[in-house]
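Please model the entire structure based on the sequences and the hints provided.
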Amino acid sequence: MQEPLDALEKHMQQLQQAMRQAQMQRDQALLSHLRAELRRAQRSYDALFDADGQAPGTEEPAATHPGPRAAKMPAREQVHQVLTLLTVPAAPKLISQVHEALFAGSLPTSRLATLRRDEERSYRSSPGARPYYLCPALTSDHLSPARALLTISVWPLEERIVGPLSARVHYLTSALKFTEAVQRLTPDPETMPLGARQLVHHYALNIPGALPADHHPQNPATAPDLALLREAAQQELAVHTDDDTHDRRDAAQRARQQLDEAGRLFGAPFQTARHLRSVT
Amino acid sequence: MSSLSSRLGTLRGPVEPKPHNARSLAALTANPGCRRRAILDAAGVDKEALAVHLGHPLPPTQSPRALSRGAQFEAQVKDQGGAELLSLLRDKLHLPLPEAAHTDLSVLGTSDRAMNVRHARTRSLILEAAHGKGASRTMLDHPVLELTVAGRPVFLEPDLVAFQSEGIFHVVEIKSFAVVDGQAPGDKAAGAVLQGAAYIIALQDLLTRAGFSPERVSTTLLLITPRDFSRRPMASTIDARHQIKSLRRQLDRLERIEDLLGQLPAGITFDLAYDGPDARTRTATRDRDDLTKALNTTEARYRANCRHHCQLAHFCRAQAHEGQLIDVLGSSASEDLGGIDTIAAALGLADGSRAPAPDQEDLATALRHAESIRNELFGGAA
Numbered sequence: 001m002q003e004p005l006d007a008l009e010k011h012m013q014q015l016q017q018a019m020r021q022a023q024m025q026r027d028q029a030l031l032s033h034l035r036a037e038l039r040r041a042q043r044s045y046d047a048l049f050d051a052d053g054q055a056p057g058t059e060e061p062a063a064t065h066p067g068p069r070a071a072k073m074p075a076r077e078q079v080h081q082v083l084t085l086l087t088v089p090a091a092p093k094l095i096s097q098v099h100e101a102l103f104a105g106s107l108p109t110s111r112l113a114t115l116r117r118d119e120e121r122s123y124r125s126s127p128g129a130r131p132y133y134l135c136p137a138l139t140s141d142h143l144s145p146a147r148a149l150l151t152i153s154v155w156p157l158e159e160r161i162v163g164p165l166s167a168r169v170h171y172l173t174s175a176l177k178f179t180e181a182v183q184r185l186t187p188d189p190e191t192m193p194l195g196a197r198q199l200v201h202h203y204a205l206n207i208p209g210a211l212p213a214d215h216h217p218q219n220p221a222t223a224p225d226l227a228l229l230r231e232a233a234q235q236e237l238a239v240h241t242d243d244d245t246h247d248r249r250d251a252a253q254r255a256r257q258q259l260d261e262a263g264r265l266f267g268a269p270f271q272t273a274r275h276l277r278s279v280t
Numbered sequence: 001m002s003s004l005s006s007r008l009g010t011l012r013g014p015v016e017p018k019p020h021n022a023r024s025l026a027a028l029t030a031n032p033g034c035r036r037r038a039i040l041d042a043a044g045v046d047k048e049a050l051a052v053h054l055g056h057p058l059p060p061t062q063s064p065r066a067l068s069r070g071a072q073f074e075a076q077v078k079d080q081g082g083a084e085l086l087s088l089l090r091d092k093l094h095l096p097l098p099e100a101a102h103t104d105l106s107v108l109g110t111s112d113r114a115m116n117v118r119h120a121r122t123r124s125l126i127l128e129a130a131h132g133k134g135a136s137r138t139m140l141d142h143p144v145l146e147l148t149v150a151g152r153p154v155f156l157e158p159d160l161v162a163f164q165s166e167g168i169f170h171v172v173e174i175k176s177f178a179v180v181d182g183q184a185p186g187d188k189a190a191g192a193v194l195q196g197a198a199y200i201i202a203l204q205d206l207l208t209r210a211g212f213s214p215e216r217v218s219t220t221l222l223l224i225t226p227r228d229f230s231r232r233p234m235a236s237t238i239d240a241r242h243q244i245k246s247l248r249r250q251l252d253r254l255e256r257i258e259d260l261l262g263q264l265p266a267g268i269t270f271d272l273a274y275d276g277p278d279a280r281t282r283t284a285t286r287d288r289d290d291l292t293k294a295l296n297t298t299e300a301r302y303r304a305n306c307r308h309h310c311q312l313a314h315f316c317r318a319q320a321h322e323g324q325l326i327d328v329l330g331s332s333a334s335e336d337l338g339g340i341d342t343i344a345a346a347l348g349l350a351d352g353s354r355a356p357a358p359d360q361e362d363l364a365t366a367l368r369h370a371e372s373i374r375n376e377l378f379g380g381a382a
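So the protein sequences, as listed, match chains A and B.
Counting along the first sequence from 1, when you hit position 17 you're at 17 in UniProt numbering, and nothing is skipped either side.
Counting along the second sequence from 1, when you hit position 122 you're at 122 in UniProt numbering, and nothing is skipped either side.
Honestly, the hints are just simulated from the structure, not real lab data.
Be careful, since some hints might not be right.
[As the list claims (entries may be wrong)] Simulated coverage check for chain A against chain B, where a stretch passes if three residues somewhere in it have a Cβ under 8 angstroms from a Cβ of chain B:
(1) 86 to 95
(2) 145 to 158
[Said to hold, decoys possible] Chain B regions said to be covered by chain A (calculated; three or more residues, Cβ under 8 angstroms):
(3) 80 to 88
(4) 100 to 106
[Unchecked claim] Derived DEER-like restraints, expressed as beta-carbon distance ranges:
(5) B:D228 with A:P74: 34 to 44 angstroms
(6) A:H201 with B:D336: 51 to 61 angstroms
(7) B:P64 with A:Q183: 41 to 51 angstroms
(8) B:E48 with A:P74: 47 to 57 angstroms
(9) B:E16 with A:P131: 47 to 57 angstroms
Remember, it's a predicted structure, so these values are computed and weren't measured experimentally.
Beta carbons are placed, not taken as given, at the ideal position from N, Cα and C, and that holds for glycine.
Below you can see the structure in the form of C-alpha cells.
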C-alpha cells in the first residue's frame, strides 16, 4: 500500500522542481499548469493517505478534534441536541451559537438552511418513519410556520406555538437553560470558553437586573455573575409566563380543531391562514 | 380629479406610475421650490429612466456593502424577539416589564404582493392595540403603513412600531450609521428623521381615520444606531415635529398640483415611448431633443445638494452649467448673490461693464469692491 504514496511523493517533488524552473524563466502559463497539477497530486495523495490511515503510525493525531464523534453527527441530530438543552424553539443563529459554545465542532447556520424543508419532505413521503422531526414553530395568530424558529416534533403542541410574548419567554428560558449548562460544563467561570462568555454577556446585557451593580461596560471580559443572571431571568419570566401560556394554550386548542396531523407539525398552508384571518 | 389624473397620465405616458417610498417622500421636503421635480413626482414619472435616457445618469447611491451592513445591523437588533431593542425601549420609553410582546408581520410574506395583506394586518393590530383589545402588542416588526400621495396609496415599511402602555405609538427607525460620541452625521440623521416623519404621518392618518386622536402617535422618533465604533446599538430620541409639518405641507402641495399643471403648454409629455411592455428588454425611443424641450417647459431650480435626492440632478446640473447659472457655485454663493441669476451677469456687474438695476446697487458695490481687491492682488493679470 505504500508504493503509490511513494510514487506520488516523487511526482510531487518533480512538479515542485519544475515549478521553480518555470518561475525563473517567468513562464506564467506553464507555472499555473504545474500548480494545478501539483494540487491534483496533493489531493490524490490526501485521499490515499486517509485510506491508509487505518494502518498504525499513519493515523492523524486525534487531539485536534476533542470530540470527533460529535463533529460527524448529522446536522439534524446536533440541532436536536441543542433544542433539547434549550427546551424552547430557537432560530438557527442561536442554535449555532449555543452549539459552538457548549459542544465540540462547529455547526454553521448554512448547514441548517435546508433542514426544515428536508424534514417536511421526509415526513410527507413516509409519515412517522423517524423517531422525531425538526419542525417550524407555529404562530399563534395564523397557525402558520413562524420565521426561522425550529422545534422538535415530540414536544407538546403548546410548546411548539409562539404567541406575541413567546419570543421574550423563549429568550429568558434559553438564558436560564444555557447558563445551567455552562455551569455544569465549566464550574469555574474563569475558564469559560469565548463563545459561551459572549453569549452569557449578551444575555446579561439584555435582561434587566442581570448585570452586577459594579459592572463596567468598557470591560466585558470580567467573569459574568451567572447566579445573578439566572435570578434576573427568572424574575422577568414570572411576569410573562401566565399570559404567554394562556395565549399558547388557546392557539393549540384551535390548531387541534382546525389542522390535520401534518398541519399541526409543519403549519397551516398560507391559503388557510388567509382564510382564517378574513374570518376573525 | 379625473381630469387631473388624466393630465398626469398624459405626462407620464402609458407606463405604470413609479411607486413612492419613504426615501422619495422624504426627498419631497428638500428643495420644494423645484417645479420640475414637483410635476414629475406628482405624475409618478420614472426620473431615473429619464436621466438615463438623457445621458445624465446618477451614479449608484448606495453600495451593496452598505446595504448588507444595514440589513445585518437591523437583524442583530431585532434578533430573538428584539432582545436588544427591548432593552433600549425599556431604557428610553420606560416600557414596563410586562410589555415585551413581539409580533413579526413578515410571516405573511415579504414580497411586494404581500404588501396589501401585511398592511391590512398591521392596521387591524394597531387598531386593536389602540382599543386595548386582543393580545398584547408591544413591538410590531415589519409593519406596512399606507399613505396617500397625490391621490394614490403608497405602502411604507417602517422598521418597527412600538406601542406603550399609556396608549402612545412610537415609530422606531434602525439605521446603521454610527453615532460617535453622541454625534450623528448631519445629513444622514436628517434623512432618517424625514423618513421617520413619513411613517409618523402615515400612522397618524391611520388612527385619525379610525376616530382616534393623532396625538396618540408620538412625534418623537426613536433612532437606533450603532454606538461609537462598536456594533452595540444605542437609541436616540429626535423631535420630528418640524419635519412632520413640512412633509405634510409638501404632500398637500402634491395634491394641489393643478396650478402648476395649468402653466404647462397643452400636449406636453415625458413619455419615453418604450418599444415593448417588458421592463427588462424594452428600450426608450423618445427623441432626446424633444424630451429636453418638454422638460424645459418646467422650471427647474438646481441646487448643489440635489444629487442627494433627485435622480435628474445631473441633467439639471448640466443645464445650469450651460446657462452659467449662479446655482452651480453652491448654496453660499447663490445666497450671497441673491437677485443675480447668471455668472455672466455677476461678472458684468463686477467689472462695471453692466449697469446695475436699482435693487442691485448694494450687490454691485460689493462685487466691484471684491474685483478691485482681486486686481490689487493679482495685478489685473489673472
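Okay, the hints, checked on the actual structure:
Counting residues of the stretch 86 to 95 of chain A whose beta carbon lies closer than 8 angstroms to any beta carbon of chain B gives 3, which meets the minimum of three for the stated coverage. Remark: the stretch 145 to 158 of chain A is confirmed as covered by chain B, as 3 of its residues place a Cβ nearer than 8 angstroms to a Cβ of that chain, reaching the required three. Using a Cβ-Cβ cut-off of 8 angstroms, 7 residues of the stretch 80 to 88 of chain B lie near chain A, which meets the minimum of three, so the contact claim holds. Evaluation of the coverage hint for the stretch 100 to 106 of chain B: fulfilled, as 6 residues show C-beta separations to chain A shorter than 8 angstroms, against a requirement of three.
Checking the proposed 34 to 44 angstroms range against B:D228 and A:P74 shows it holds: the Cβ atoms sit about 42 angstroms from each other. Taking the beta carbon of each, A:H201 and B:D336 are about 55 angstroms apart, inside 51 to 61 angstroms as hinted. Distance hint check for B:P64 and A:Q183: the Cβ-Cβ separation is about 43 angstroms, which falls inside the suggested range of 41 to 51 angstroms. Between B:E48 and A:P74 the CB atoms are about 49 angstroms apart, so this pair conforms to the stated range of 47 to 57 angstroms.
The hinted range of 47 to 57 angstroms is satisfied by B:E16 and A:P131, whose Cβ atoms lie roughly 53 angstroms apart.
Violated hints: none; the structure is consistent with every hint.
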